[in-house]
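Visitor: Sequence:
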Amino acid sequence: MMRFALAWSESLVSVTSVAGLVIFFSVFVGILIWLATRSRKQVDRWSRLPLKDNDEASSENS
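Numbering (our numbering), first residue to last: 881 to 942.
No lab work stands behind these hints, which were simulated from the structure alone. Each residue gets a CB set at the ideal place from its N, CA and C atoms; glycine is no exception. One should not assume that every hint holds.
Pairwise CB distance ranges (calculated) [stated by the list, open to error]:
id: 1; residue 1: Ser-889; residue 2: Arg-925; range: 43 to 53 Å
id: 2; residue 1: Glu-890; residue 2: Lys-921; range: 27 to 37 Å
id: 3; residue 1: Arg-928; residue 2: Glu-890; range: 19 to 29 Å
id: 4; residue 1: Val-923; residue 2: Leu-901; range: 22 to 32 Å
Given only the sequences and the hints, what does the whole structure look like? Please build it.
Guide: Structure representation (structure tokens):
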């Protein structure tokens, strides 16, 4: 009985680790695809945001 439970838990760990890797990789690739489809102007605006003051950034969003 204990061997069965131990073998089942080992297979469960294997399945969940593979599922976690697949989910992580899918999200990572999805984010890369999403970023690749953004316009260059929008990406340039995002890259300047950390350097702007709060009032400049809020006026640009309006």
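Visitor: Each of the hints needs a verdict: does it hold here or not?
Guide: Comparing the hints with the structure gives:
As the Cβ distance of Ser-889 to Arg-925 is approximately 50 Å, the hint placing it in 43 to 53 Å holds. Taking the beta carbon of each, Glu-890 and Lys-921 are about 52 Å apart, not inside 27 to 37 Å as hinted. At about 51 Å, the CB distance of Arg-928 to Glu-890 disagrees with the hint of 19 to 29 Å. The hinted window of 22 to 32 Å between Val-923 and Leu-901 holds, with their beta carbons roughly 29 Å apart.
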